[in-house]
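J.: Keeping their order, the protein sequence lines are chains A and B. Residues in the first sequence are numbered from 1 upward in steps of one, following the numbering used here. Residues in the second sequence are numbered from 1 upward in steps of one, following the numbering used here.
Hint data in this document are derived by calculation from the structure and do not stem from the laboratory. Bear in mind that the values here come from a model prediction, so they are computed numbers and not experimental data. Take these hints with a grain of salt, some might be off.
What the hints assert, rightly or not - No farther apart than 25 Å at their CA atoms in a straight line, the calculated lysine to any residue pairs in the SDA-like style are these: (1) A:K197 - A:L70; (2) B:K30 - A:L70; (3) B:K30 - A:D92; (4) B:K30 - A:K197; (5) A:K197 - A:I59.
To be verified - One side only, chain B facing chain A, incomplete, derived with CB under 10 Å: (6) V9; (7) S36; (8) A57; (9) G59; (10) L72; (11) L81; (12) I82; (13) V83; (14) A88; (15) G96.
Backbone N, C-alpha and C define an ideal beta-carbon position, used for all residues, glycine too.
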Amino acid sequence: MRSPFVRGMVHGVPIGLGYLSVSFGIGIKAVALGLPVWGTVLISLTNLTSAGQAAGIEIIAAAGTLVEMLLTQLIINLRYALMGFSLSQKLDDRFTTSRRLLVSFGITDEVYAVAISQPGRLTPAYMLGMILPSWVGWGAGTLLGAVAGNLLPAAVTAAMGLVLYGMFLAIIIPPARKDSRVLLVVLLAAAFSVVCKYALPFISGGFAVIISALLASLVGALFFPVAEEVEA
Amino acid sequence: MSLLIYIAVMAGVTYLIRMVPFTLFRRQIKSRFVRSLLYYLPYAVLSAMTIPAIFYATGDFTTAIVGTVVALVLAYFNQPLIVVALAAALAAFLTGLVL
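Just chain B, with the same shape it has in the complex:
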């Protein structure tokens, strides 16, 4: 099958998922329950995507755990995204050298 058809389906579905609620939904939600759900959901999604996947991200538990701890500590002290992300990778890399 043509690669372009695959890409068209991928991109089309992904765009529609983003576009439909953002474009068509115009009124303010009054329900406190729904507002609360929307407030919590993004954090919950990212958390569920990260744990436990992060422990498998380097192919080695030890380096992944060291990287995770470094990321947690730096994030706790409000470091920028890029600092947290690259420091986690660097810590995992250095741990791999030592092992």
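Next comes chain A alone, as it looks inside the complex:
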């Protein structure tokens, strides 16, 4: 029987490797926009989020206001609040306040998706085991991208743009295949997102994601409520 921490590491290392390539792109982008290497890496180590950082870097490069930064981060990253809320329902008693304060820093899309699909309750050791390699991978990839990104051919960096979305698909497709209700919600969210992008272009990207996801999930919750016992 492996310890929960090691089991977490086993689940976290693939996430960290995936992050290595995604954050590589973030590093390239930030330096191309004129940010220093140390600042780029510091952003990754303190934020640990793809979409929020990509938007934040653009605001810094454009010398935007702090209010704009605050609102943009709030909107783009609001999904983490929902994920944190959802995970809070699944925590083991060993989650004291200080452990919650620590582990909450590492809630990302991938960490959430893996954690929520685990049978039974989540322990702090398991969560920390999963978060540590993902954090290291995110920081290391950013550093590599910031320092060496310009050395790569443009065709490679362009193709790397798919890594993040490839990961998202790898997270949503297997449950959608197993559960047709999830499939329906996923398709609805995609359809709403397409409508926002092409028919309602005045809605910013961050808002479009929140509106589309909320509408699709509402349809799912209203018409296909899940059974009382969601987890073991």
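Here the structure of chain A is known, so what remains is to put chain B in place on it, guided by the hints.
T.: Relative to the frame of chain A, chain B by itself:
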């Protein structure tokens, strides 16, 4: 404006969003509706983030679509995250070479 102030705001907001619900919320939700909403929401968020953005991710529709199809097929057959992600990028790269 100092870069450090920007980073502090970014990191502070992002941390608070993650920390507050995870740390302060202690009781189990009884409402079947809310539980259902929380069950569906993460998948819906990732889906809305991916579509249609994935088609613009490489700067070229053809390479992006090839990469997307490869990712969909591999994900359908339950391949690990890293395999799906890198295969999608590799497929897009190779398609770019051929074009």
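J.: Are K30 (chain B) and D92 (chain A) close enough, with their CA atoms no more than 25 Å apart?
T.: holds (18 Å)
J.: Hint validation: S36 (chain B) versus chain A, beta carbon distance must be below 10 Å. Holds or violated?
T.: holds (4 Å)
J.: For the pair supplied as a hint, K197 (chain A) and I59 (chain A), confirm whether the alpha-carbon distance does not exceed 25 Å.
T.: holds (21 Å)
J.: Holds or violated: the hint that G96 (chain B) contacts chain A, with Cβ atoms closer than 10 Å.
T.: The hint holds - G96 (chain B) has a Cβ within 10 Å of chain A, the shortest such distance being about 5 Å.
J.: Quickly compare the C-alpha distance for K30 (chain B) and K197 (chain A) to 25 Å and report which way the hint goes.
T.: Violated, at about 36 Å.
J.: Can we keep the A57 (chain B) interface hint, with Cβ of chain A closer than 10 Å?
T.: holds (4 Å)
J.: For the pair supplied as a hint, K30 (chain B) and L70 (chain A), confirm whether the alpha-carbon distance does not exceed 25 Å.
T.: Outside the cut-off at roughly 33 Å; violated.
J.: Checking hints one by one. Is L72 (chain B) an interface residue toward chain A, by the C-beta closer than 10 Å rule?
T.: holds (6 Å)
J.: Less than 10 Å between beta-carbons is the criterion; does V83 (chain B) satisfy it with respect to chain A?
T.: Given a least distance of 8 Å, the restraint on V83 (chain B) holds.
J.: Does the nearest C-beta of chain A fall within a distance shorter than 10 Å of the C-beta of G59 (chain B)?
T.: With a minimum Cβ separation of about 5 Å from chain A (threshold 10 Å), the hint on G59 (chain B) holds.
J.: With a cut-off of 10 Å, does the beta carbon of V9 (chain B) approach a beta carbon of chain A closely enough for the hint to hold?
T.: Since the shortest Cβ distance to chain A is 5 Å, the answer is holds.
J.: Do the numbers back the hint for A88 (chain B), that is, is its least Cβ distance to chain A under 10 Å?
T.: With a minimum Cβ separation of about 4 Å from chain A (threshold 10 Å), the hint on A88 (chain B) holds.
Checked against the numbered hints given earlier, this structure breaks hints 2, 4; the rest are met.
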